[in-house]
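Dock chain B against chain A, hints included.
Here the protein sequences line up with chains A and B, keeping their order.
If you use our numbering, the first sequence corresponds to residues 4 to 534, in order.
If you use our numbering, the second sequence corresponds to residues 4 to 534, in order.
Derived from the structure by calculation, the hints contain no laboratory data.
Predicted, not measured: the structure shown is a model, and the values here were computed from it.
Heads up, a few of these hints could be off.
Note that identical chains are pooled: a pair holds if it fits in a single copy or bridges any two copies.
Pairs of lysine-lysine residues, derived as PhoX-like cross-links and limited to a Cα-Cα distance of at most 20 Å, are as follows [stated by the list, open to error]:
1. Lys-365 x Lys-442
2. Lys-289 x Lys-506
3. Lys-495 x Lys-442
4. Lys-289 x Lys-115
5. Lys-128 x Lys-289
6. Lys-289 x Lys-80
7. Lys-128 x Lys-240
8. Lys-115 x Lys-510
9. Lys-365 x Lys-289
There are 2 protein chains.
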Amino acid sequence: MKTDVIDSHAWQRLQNLAVNPYDLTAPGALQQDGRIAEMMCDSAGLRLFYAAQRINAEVLAAFQEFADEHQLVDRFKAMRRGAVINRIAGWESENRQVLHTSSRDIFTDQAKEPESARQANAEFKKLRTFLEEIEGDSAFTTMVNVGIGGSDLGPRAVYEALKAHNIEGRQVHFIANVDPDDAARVLTQIDPARTLVTVVSKSGSTLETRTNEALVRSRFEQAGLEPARHFIAVTGKDSPMDNPENYLRSFYMYDYIGGRYSVTSMVGGVSLGFALGAEGLRTFLKGAAEMDDACETHRVSDNMALLLALLGIWNHNFLGHPTLAVLPYSQALHRFPAHLQQCDMESNGKSITVDGLPVPVKTGPIVWGEPGTNGQHAFYQLLHQGTEIVPAEFIGFLESQYSRDISVDGTTSQQKLLANLMAQVVALATGRDHENPNKRFSGNRPSSMIIAARLDPLNMGRLLALYEAKIVFQGFSWHINSFDQEGVELGKVLAGRFLEHMKDPQKCGTSIEEQFLEALEISRNAASSQR
Amino acid sequence: MKTDVIDSHAWQRLQNLAVNPYDLTAPGALQQDGRIAEMMCDSAGLRLFYAAQRINAEVLAAFQEFADEHQLVDRFKAMRRGAVINRIAGWESENRQVLHTSSRDIFTDQAKEPESARQANAEFKKLRTFLEEIEGDSAFTTMVNVGIGGSDLGPRAVYEALKAHNIEGRQVHFIANVDPDDAARVLTQIDPARTLVTVVSKSGSTLETRTNEALVRSRFEQAGLEPARHFIAVTGKDSPMDNPENYLRSFYMYDYIGGRYSVTSMVGGVSLGFALGAEGLRTFLKGAAEMDDACETHRVSDNMALLLALLGIWNHNFLGHPTLAVLPYSQALHRFPAHLQQCDMESNGKSITVDGLPVPVKTGPIVWGEPGTNGQHAFYQLLHQGTEIVPAEFIGFLESQYSRDISVDGTTSQQKLLANLMAQVVALATGRDHENPNKRFSGNRPSSMIIAARLDPLNMGRLLALYEAKIVFQGFSWHINSFDQEGVELGKVLAGRFLEHMKDPQKCGTSIEEQFLEALEISRNAASSQR
Numbered sequence: 004m005k006t007d008v009i010d011s012h013a014w015q016r017l018q019n020l021a022v023n024p025y026d027l028t029a030p031g032a033l034q035q036d037g038r039i040a041e042m043m044c045d046s047a048g049l050r051l052f053y054a055a056q057r058i059n060a061e062v063l064a065a066f067q068e069f070a071d072e073h074q075l076v077d078r079f080k081a082m083r084r085g086a087v088i089n090r091i092a093g094w095e096s097e098n099r100q101v102l103h104t105s106s107r108d109i110f111t112d113q114a115k116e117p118e119s120a121r122q123a124n125a126e127f128k129k130l131r132t133f134l135e136e137i138e139g140d141s142a143f144t145t146m147v148n149v150g151i152g153g154s155d156l157g158p159r160a161v162y163e164a165l166k167a168h169n170i171e172g173r174q175v176h177f178i179a180n181v182d183p184d185d186a187a188r189v190l191t192q193i194d195p196a197r198t199l200v201t202v203v204s205k206s207g208s209t210l211e212t213r214t215n216e217a218l219v220r221s222r223f224e225q226a227g228l229e230p231a232r233h234f235i236a237v238t239g240k241d242s243p244m245d246n247p248e249n250y251l252r253s254f255y256m257y258d259y260i261g262g263r264y265s266v267t268s269m270v271g272g273v274s275l276g277f278a279l280g281a282e283g284l285r286t287f288l289k290g291a292a293e294m295d296d297a298c299e300t301h302r303v304s305d306n307m308a309l310l311l312a313l314l315g316i317w318n319h320n321f322l323g324h325p326t327l328a329v330l331p332y333s334q335a336l337h338r339f340p341a342h343l344q345q346c347d348m349e350s351n352g353k354s355i356t357v358d359g360l361p362v363p364v365k366t367g368p369i370v371w372g373e374p375g376t377n378g379q380h381a382f383y384q385l386l387h388q389g390t391e392i393v394p395a396e397f398i399g400f401l402e403s404q405y406s407r408d409i410s411v412d413g414t415t416s417q418q419k420l421l422a423n424l425m426a427q428v429v430a431l432a433t434g435r436d437h438e439n440p441n442k443r444f445s446g447n448r449p450s451s452m453i454i455a456a457r458l459d460p461l462n463m464g465r466l467l468a469l470y471e472a473k474i475v476f477q478g479f480s481w482h483i484n485s486f487d488q489e490g491v492e493l494g495k496v497l498a499g500r501f502l503e504h505m506k507d508p509q510k511c512g513t514s515i516e517e518q519f520l521e522a523l524e525i526s527r528n529a530a531s532s533q534r
Numbered sequence: 004m005k006t007d008v009i010d011s012h013a014w015q016r017l018q019n020l021a022v023n024p025y026d027l028t029a030p031g032a033l034q035q036d037g038r039i040a041e042m043m044c045d046s047a048g049l050r051l052f053y054a055a056q057r058i059n060a061e062v063l064a065a066f067q068e069f070a071d072e073h074q075l076v077d078r079f080k081a082m083r084r085g086a087v088i089n090r091i092a093g094w095e096s097e098n099r100q101v102l103h104t105s106s107r108d109i110f111t112d113q114a115k116e117p118e119s120a121r122q123a124n125a126e127f128k129k130l131r132t133f134l135e136e137i138e139g140d141s142a143f144t145t146m147v148n149v150g151i152g153g154s155d156l157g158p159r160a161v162y163e164a165l166k167a168h169n170i171e172g173r174q175v176h177f178i179a180n181v182d183p184d185d186a187a188r189v190l191t192q193i194d195p196a197r198t199l200v201t202v203v204s205k206s207g208s209t210l211e212t213r214t215n216e217a218l219v220r221s222r223f224e225q226a227g228l229e230p231a232r233h234f235i236a237v238t239g240k241d242s243p244m245d246n247p248e249n250y251l252r253s254f255y256m257y258d259y260i261g262g263r264y265s266v267t268s269m270v271g272g273v274s275l276g277f278a279l280g281a282e283g284l285r286t287f288l289k290g291a292a293e294m295d296d297a298c299e300t301h302r303v304s305d306n307m308a309l310l311l312a313l314l315g316i317w318n319h320n321f322l323g324h325p326t327l328a329v330l331p332y333s334q335a336l337h338r339f340p341a342h343l344q345q346c347d348m349e350s351n352g353k354s355i356t357v358d359g360l361p362v363p364v365k366t367g368p369i370v371w372g373e374p375g376t377n378g379q380h381a382f383y384q385l386l387h388q389g390t391e392i393v394p395a396e397f398i399g400f401l402e403s404q405y406s407r408d409i410s411v412d413g414t415t416s417q418q419k420l421l422a423n424l425m426a427q428v429v430a431l432a433t434g435r436d437h438e439n440p441n442k443r444f445s446g447n448r449p450s451s452m453i454i455a456a457r458l459d460p461l462n463m464g465r466l467l468a469l470y471e472a473k474i475v476f477q478g479f480s481w482h483i484n485s486f487d488q489e490g491v492e493l494g495k496v497l498a499g500r501f502l503e504h505m506k507d508p509q510k511c512g513t514s515i516e517e518q519f520l521e522a523l524e525i526s527r528n529a530a531s532s533q534r
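Same shape as in the complex, but just chain A (with noise of 0.2 Å):
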């Protein structure tokens, strides 16, 4: 296997390709030699529609020689298979396996990686019989997850995604930050009597999570509540967060899922299976289930994620273009770019190799985005005309989720938002001329279609999956650790430093610049003492 991005054939392909890319303001460049259909690729129920992108055969054929030189697939398998794939040859690093594909494998006697899918099936059984028993109990309506990062921001873009889908009169609060005003918020929208409380935190000892559960629970022994009747953990067995003492009930989540590939762990699993029901759940787990088979596929057009990955690369690398917008055209999705914006850019805004050694390649994008129509409203502006190419991967459905439509002027309101979706790919790639110069499009903006038949839980789950596969080949590709964080240890330390600092009022200075001014003498020994 090739372990050098450059040193490889298929690269240096590409970057000769890149020197004349495909032209998509040419007259009928969209359309001719059948290239809308011959640029669709189907994976389990979603279809990709990939000609706007600045591609032509020769392309995708260096992406498929890329991928096989470098065993992309191969390594996908591997993973799921339960190889050892989070670590750094020949340093410290955290040598784990990464198993998020397990949480749903969940639908067959021939599991993958047999332990971890036990694992799963015994956590889901156990959430399965808690929701039952609190079904017939009408007490609790609600549920407040107390989690930050992986723990909220997934977990919460799929329950906004499925809101519809909700069991009647359920509803789901997010906790996640420090701000003391983010808890307080929530806390007066809430009865205590008829809430739930999740707190997730794989070592029971994050900052955040812990100042926000001591908050809730100080607010429900006010109401003169028991929170171990009401408080349930999410954490790693035999965590300091693993007494029923304090909770309700534990479920467990494992060290091979890393946080931003949580979602349909147990960290996304309680609330979403109070919100969805067991089944709702289940069929989610199924959807992403779905997805991760279709990733084992080597045909680089058969397998959305692997094309979408190399898609990006070439976006990113040979034409130079360092961002990618995700642009969904469902309002509910609302919050899936921030979540991908996690779990893309922890994973792969790496600066070294999986052997320590620095990468010579730019590695992942930044990765930002808003529901259209509102977008068009917004930033499109830049997206249009501005000075910085930005690439897009536009989601769409064919019919909406609650059937509250109405027709104005003779179409509906999903119609609309099809058509501006549609509207928008070709205006990007098409461009146009126009004698006023600030009326002119220069086109030649690549962008991609997603489009599955509604957002349900099925299909949310494949689009999950999807994009986490999307990104571990990215990684593949940039042979980098795409399941590590030491990016964001240094600020913990400092932050837990200045604390350490701010505790003693005689020490620290009133003033912000004072505070300041003292924050950098302690980093300046922390520094010294460090190196």
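Just chain B now, with coordinates in the frame of chain A:
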């Protein structure tokens, strides 16, 4: 005045200085020569720390030369006094004044542009009277704001930011997206009998807004309510919406205020006035007015908006960083980055100058961000160790909004928030060497800190106006028109044509690929007929 960005002495000087920018990783680089105190700027009650930018006194001097050479402050003054600067010389363009600052120029007898300030005063008084009328009447507890883009993002961001200051029991919901699920979700949460609906559209013809208004109106009719007793119009005088038969009241917006700059006009005023009360709204406007005045200071180091603008240009054009992260350490500001994304990218995502010539340099960056500390557990990995350097603007507050903070491990949540904010600034700037390559931080990643006492209406007004002015100063610097949005037109035109086609089920294909092919054919015809 210089009208060419590059052909300027200061630009050349900055280019030379950028060859060897200030090294933040050198020992003591942040503290030496009283740098912290030196690189601090106060404007209208906000404080900016910019010691962690890669600049020195020479760069600051070149900033001053650039600002003087291009008469940035004089042009800002001219804008406030009614100059027609929304135009492209020699070409058909909007040809308008730019007077969003007048919407808050209501605290003096000597308004900068008297006619527009008179109109702002008149609308404010109308609104105050209306709010008094409904005050005795406890019937209305809820407002639904129907608008999109500038009529949604800004008002929503400020409403969310100031929720803690709401009149007890009052709430505002926002419907923007043409996605029918967006409206459906809001409508499940309200009691129409106790709800006012504010429909915001300057022309009275925005597709999304009209569609959503029709949807909401039909729901009121189904509930046996008379929409004309619940619906308020915010629109242009004499637009189709300015009609007492359909609306309880009309408030006016004027051509001289662009959507993305309209938060302090009636566009934001009606919903914010309902939530905060007339006095709360007035305080918010006061804050904005104070900042506008502070922006007329010629000395760069005393003019925060101008300084932020030039620091942004330094990072973008000279150091080559394509994006900007805005990172508020306050959960209440969770939608503020989305508003700035619109305001900045729609204003400055341009490719031609005010003279209709190609801009020879990069214009507006990609603006994105999420609140801290959440972001720390999400995308900060890339900020610290990614291959793309992301300049950051941190926003922090000394006190929390709700006074419901608790002490965990000896410090309050607000202290934790500030400690984390400072730790990030320091870690990004200074980096850290380490034997293990995966624990190395290269540093030299620039950021600024904006600090205010508390997130209240006054400081929110200041913060909003600060960013508006920053964006305007950058537009002046690049000699572009920051006030039009021709880049959104093509997509709108194409979507309209596709919808026209979709109306006829006989002509329109059923599968998405058929529809996409039809869309391409339509756009091709459209393009050739327009050229």
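Hints, verified against the model:
1. Lys-365 x Lys-442: Cα proximity of Lys-365 and Lys-442: across copies only (19 Å, versus 34 Å in one copy).
2. Lys-289 x Lys-506: neither (49 Å within a copy, 37 Å between copies)
3. Lys-495 x Lys-442: between (48 Å within a copy, 13 Å between copies)
4. Lys-289 x Lys-115: Cα proximity of Lys-289 and Lys-115: one copy only (15 Å, versus 63 Å across).
5. Lys-128 x Lys-289: Only inside one copy: Lys-128 and Lys-289 sit 15 Å apart there, 58 Å across copies, limit 20 Å.
6. Lys-289 x Lys-80: Within. Shortest intra-copy distance 18 Å satisfies the 20 Å Cα cut-off; inter-copy 61 Å does not.
7. Lys-128 x Lys-240: Within one copy only: 17 Å inside, 62 Å across.
8. Lys-115 x Lys-510: neither (57 Å within a copy, 48 Å between copies)
9. Lys-365 x Lys-289: So Lys-365 and Lys-289 fail the 20 Å test inside a copy (35 Å) and across (46 Å) alike.
The structure shown violates the earlier hints numbered 2, 8 and 9.
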